Amino acid sequence: MRKKRWVPWVLVGPALLVIVLTTIYPLLAALYFSFHKYNLRRPPQFAIQIGENGIHIDWSLLSLNNYTLAFSDSRFINSLQVTFWFTVISVALSVIIGLFIAVVVQKGGRLHTLTKVLLIFPFAVSPALKGYSWRFMLNENYGIYDLLIDQLIVRPINALLSIINALPIVEIPLISESIVWLGDKFWALFMLAMSETWGWAPLIALMFVGALGSIDEQIFEAARIDGANRLQIFFRVTLPLLRPVILIVTMLKTIFSLKMFDQVVTMTGGGPVRATQTINYYIHQIGFVRSLDIGYASAMSYILVVVLTICAALYVSLVLNRD
Amino acid sequence: MTANTIGQNQSSLRLTTLKVLETLALLLIIAFIVLPILWLAITAIKPQEKAYSTTLIFSPTLENFEIIFSDTSVIINKGTDRERGEVGRNMFPSVLNSIVVSGATILIAIPLATLAAYAFSRYSFLGNSVLLVWILTTQFIPAIVVAIPFFTLFRTIEVFGKPLLGTQLGLIIVNMSIVLPYAIWMIKGFVDALPGEIEEAAFVDGCNDFQILFFISLPLIRPGVLVASVFAFIMSWNEFLFALIIGREMRTMQVALMTTSGARGIMWEQMAAAGLVVMIPIFFLAMFIRKNVVDGLTMGAVK
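In order, the protein sequence lines correspond to chains H and V.
The numbering used here puts the first residue of the first sequence at 10, with every later residue one more than the last.
The numbering used here puts the first residue of the second sequence at 100, with every later residue one more than the last.
Simulated from the structure, these hints should not be mistaken for laboratory data.
What you are looking at is a predicted structure, and each value in this text was computed from that prediction instead of being measured.
There could be a bad hint or two in this list.
Below are the DSS-like pairs computed for lysine-lysine, each with C-alpha atoms no more than 30 Å apart in a straight line [unchecked claim]:
no.: 1; chain 1: V; residue 1: K390; chain 2: H; residue 2: K194
no.: 2; chain 1: V; residue 1: K261; chain 2: H; residue 2: K116
no.: 3; chain 1: H; residue 1: K125; chain 2: V; residue 2: K118
no.: 4; chain 1: V; residue 1: K390; chain 2: V; residue 2: K118
no.: 5; chain 1: H; residue 1: K125; chain 2: V; residue 2: K390
no.: 6; chain 1: H; residue 1: K46; chain 2: V; residue 2: K261
So, partial list: chain H residues that the calculated Cβ filter (under 8 Å) puts toward chain V [claimed, not checked]:
no.: 7; residue: A38
no.: 8; residue: V113
no.: 9; residue: V298
no.: 10; residue: A321
Ideal placement from N, C-alpha and C gives every residue a C-beta, glycine not left out.
For reference, chain H alone in the conformation it holds in the complex (with noise of 0.2 Å):
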């Protein structure tokens, strides 16, 4: 309707350039850093030096050191597989409990309504703070999960196999009632899932409410009358119909999974013995706490944008590929 070509740009501009400045700039520092030796603790030699004569390149100061020793680095590697185990537990964890809360409260009702609205809860909770109250709560003396996680779950099931073990066949070692949930390495990463998926599944099961309220009725209805039982009707029509919807949140966790820090640092402190050290928090630790090497920092963050860019080049052809 309007030609004036120039207007669009004046708006967008501003935007344009903040972000821009804020996110290509460092972008391409750190890609630069990345090539040089670099510690806090020096005034860094850069290859590319402006002097009275011009710009001088100083091809020697330039190499790919950080990046070789990062594929020897034993702590880069754990930091790689704990970030991998991470993420592939809790987006698991995240979208299952989310599509299962998602199916529960679908329907109406007044207790499903008020879960419904209770979904966003987690969502005022910054993950700092989560990752601090869960460390509270699992601590070994006076935690209210590890009291429930003994009560709940471990006594039962503690119960059922000594009546297994009373029959003369075979011999089932008890479950301990005094796991040290971010003592042990298995458990501290797995709690550190569960914390990220407490935080994401509600929030997961709202897009799903919201893809399963825009599916037909009718369709279901048809189902029904041909006579499939809600399993098959779950498996066989709801599923199907959400793939597109599952596949794009799945990418989309698998994303902020693999960006996650902050659980990390109030929760965990990446130990027991680094068994929760991820890509971040081992970033953080070399670039800003401990050896303060800003050089080593750049390149390790450079592989995790590596990573990243393929995961969001993945995202963004789902996303457009839906329609």
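Chain V: place on chain H using the hints.
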């Protein structure tokens, strides 16, 4: 009894079982969601000697809130039977920091985002869809990559004789990288939903582009802009990585949570009280934009 009524009884029994199972599932979900928040709230009003137990029998107190908003010396002199150790810093400056940083972040980001969103929605210009997708993908850049160069840059840039590192301004600048893209996408959604006829009519009546934007469209999308502002406020309020690396000793509330730990480990009753202070305002804001959170988080990808 005929075979028919037996069948009916069976199916009604199955229906009841299903109902019971469903109710149980709902209760389980509610417990899963509410427990951490509830427990934090309970701990915050527990007297210190009861905080390190799972007991529910205690006389509620506001002592913990008094402690986190008083100075260290006062805490030690308070002298309960347990030695408190070196803990606590008055959290009031941190509350102010969080309010200033988050407030200024949206005051800068929202006007920029509104103009950009309007252009993306209403004009077709060279590369606008590519730009829009590119803006979306900036959200997949890990925050640590943004933090590293800004840390080194802000160490050397001085404003009023003080380096930008560890200042509110420094944190506000870096916050733009996460807030602006979300705000653009969110507001664009609201502009898209606005029928274009009104603007057409105004154009026919002789309004120019800017008159239409400021006098016709902006008033109409005000509710959407408000929602996006609240969302952006929550994002920067809850932001932790930048606050830790760039904000540093300036300390927003998220970082101040860490100061509740002292020589004897974390003082959980103080942590819980500080946690409530951090959470409660956001809680109400989140309820206010409840219907738009999903759209915001996914930038409209899941509808």
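Hints, verified against the model:
| no. | hint | in the structure |
| --- | --- | --- |
| 1 | V:K390 with H:K194 | violated (39 Å) |
| 2 | V:K261 with H:K116 | violated (58 Å) |
| 3 | H:K125 with V:K118 | holds (18 Å) |
| 4 | V:K390 with V:K118 | holds (28 Å) |
| 5 | H:K125 with V:K390 | holds (11 Å) |
| 6 | H:K46 with V:K261 | holds (27 Å) |
| 7 | A38 | holds (4 Å) |
| 8 | V113 | holds (5 Å) |
| 9 | V298 | violated (10 Å) |
| 10 | A321 | holds (4 Å) |
When each numbered hint is compared with the structure, violations occur for hints 1, 2 and 9.
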